[in-house]
Amino acid sequence: MGALPYPSFLRTPSRWRDQPYPSAALSRIPLSANPWHYQGKVFLGASVTQLLQLFIYGLVLGSIYALGAIGVSLTFGILRFANFAHGDLMTLGAYFGLTFVGLGWPIGVSLIPAALATVLCAVGIDQLIYRRLRREAPVILLISSFGTALILRSLVQIIWGPNNQVYRSGIQLPWRLGELRIKPDWAVILAGTALLVVALHLFLQRTRVGKAMRAMADNFELAKITGIDTERIVLWTWAIGAALACAAGVFLGMDTRLHPTMGWRLLLPIFAAAILGGIGRPYGAIAGGVVIGLAEEFSTLVINPAYKTGVAFAILVLLLIFRPTGLLGSPGGGDV
Amino acid sequence: MLSYGIFFLILVGIYGVLVLGLNIQWGYAGMFNIGVGAFFAVGAYASAIVTTPPSAEHLGGFNLPFWVGFAIAVAVAGAIAFLIGLITLKLRSDYLAIATIGIAEIISQILRNEGWLTNGVRGITRIPRPFRGWIPGQDTLLYLGLVLVILAVVYWAAERAYRSPWGRVLRAIREDEPATLAAGKDVLQFRLQAFVLGSMLMGLAGALYAHFVNFISPEAFQPEFATFIVWVMLIAGGSGNNRGALLGALVIWGVWSGSEWLTNRLPPQWATRAGPLRILLIGILLQVILLTRSQGLLPERPPKPVLGTSPSPKQNPAG
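Chains as they are written, first to last, in the working numbering: chain V, 1 to 336; chain Y, 1001 to 1319.
Hint data in this document are derived by calculation from the structure and do not stem from the laboratory. Treat the hints with caution; some may be incorrect.
[Unchecked claim] Listed next, the stretches of chain V that the computed footprint assigns to chain Y, with coverage defined by at least 3 CB atoms under 8 Å from CB atoms of chain Y:
| no. | stretch |
| --- | --- |
| 1 | 128-134 |
| 2 | 137-150 |
| 3 | 157-169 |
| 4 | 299-310 |
| 5 | 316-323 |
All values reported here derive from a predicted model rather than from experimental measurement. Using N, Cα and C, we set each Cβ at its ideal position, and we do this for glycine too.
Chain V extracted, bound-state conformation:
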């Protein structure tokens, strides 16, 4: 990589090229749990295989973001507030999964009771706290959800402990396709996400509740006038959001590992994805999640993976300034 026509601040410093990140070993959770991350070792001259590798992992990450972003987008669209506890709901779901895996159940089966438990928690929190605050300004709900996030995180720490945990110990051998290495878990995550997205699609298009939900996200007042039982739809919104959050958390736990702050750290990319897709638009949220996941992964070609968050942040800010209704949202309308 001697004489590249690139400014030095973009070039990967030598200390990153030859050794794993010192920070990765020292910080409490690894910056990237993808063991085949190129960790700044590749810069220019990245081969097609390497790009493909990043693309695949970007899709995996994007699936997890998408599942989280759907819930955020729906609650933002229907309940009109940014739910800061959504990341920690994902954490909770992942840990519920851990409990059932601990009983010896396979992970795919554990997902079902874990999702049910997460849904119960989300609905319970709504009835206990948010329902009483619905008449207040949305920003009061936001502050309250910030508190909920901390409550959930501390509960996770109290019940399951503060350390890293995994669903399955030992190293999983990757499938090799030429130079390409694919973790079997990634296939599970991608297939699981596809399944959930199809189920969500059928739910939104075919059922009365799904249609009512879309109507409410589109135009709350109008939906109310047409006689939709808004409180019931609110509960359904929490249920769908929480079930998908649980799946996202479990998938994240499969890909990396479980930690009490795992979900909180995903909050920014998830919100970026939801806003990118247009608030209240679940299909947009899916696309947004994949775009953010891919952008973050490809960014590691040029920047230290520790600053991946910066990519989601940059996309978010640029988007909010130039196209606040989201890339897939309707132009005009909406406000910054």
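Following the hints, complete the assembly by docking chain Y onto the known chain V.
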């Protein structure tokens, strides 16, 4: 016991400066900043780098006196807030909150990863305490004096700002932005000023903290302690009310410290759970406050507008 009291009051004073800074941003102008901890950390690191003896482990140190460190901390926090404000303050409050999560995360990653600047996770040690040796053994007491003097000055200035035309415009922006815009105020300019000013106070609090504890590392600026608790203090005390903000700092720090007394009485196998239990308590407290008394202990009392008494031609509109 006395030394514990001094220790307690110093921390209340430092949190007091933080809460007053947040009150200018949220209480006055309605800007939702979840990156309090980031500006707190920036101030702490800036002052530490400037005042520590030369070290090979991080940038500097430059061995300068503490007041230079304080000034640099305020300046650096203000400069960063200015740059961030330029790009994010156009956003409405909930989007701004999301953006500030990103800022906090990026700054915390910089503290962890840029070892040449901050010594990474190992942190910066040997941050000098001012007045050491002036009265042998009493430097904590002297430091408490310094903290209280700074807090008093900040409180006085914040209170003046609140009652000034400038504060009135900020409240107007908070209550009705389009109307303020229609009244011919440069909304963005006012918000930027309030954001920078609030962040400068957070930076100052960071410097006060660094010189008190003498050692800082990224662990000290976790969002739970550096951001969340500050928010709870402001909400509990009463956003928009400076006296409420200080009361909130005192009460919530009291609850937080008192909860340690409680968790110390837990059986030993619960020892590792003490920290999260205390945060759980503060989280529940926040929810209870929001549900029962969302305006806080001392609700905001804006100065009464002078209306219709004696129409004097000299009365200028705000700003």
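Evaluated hints:
| no. | hint | verdict |
| --- | --- | --- |
| 1 | 128-134 | holds (count 3) |
| 2 | 137-150 | holds (count 10) |
| 3 | 157-169 | holds (count 4) |
| 4 | 299-310 | holds (count 5) |
| 5 | 316-323 | holds (count 4) |
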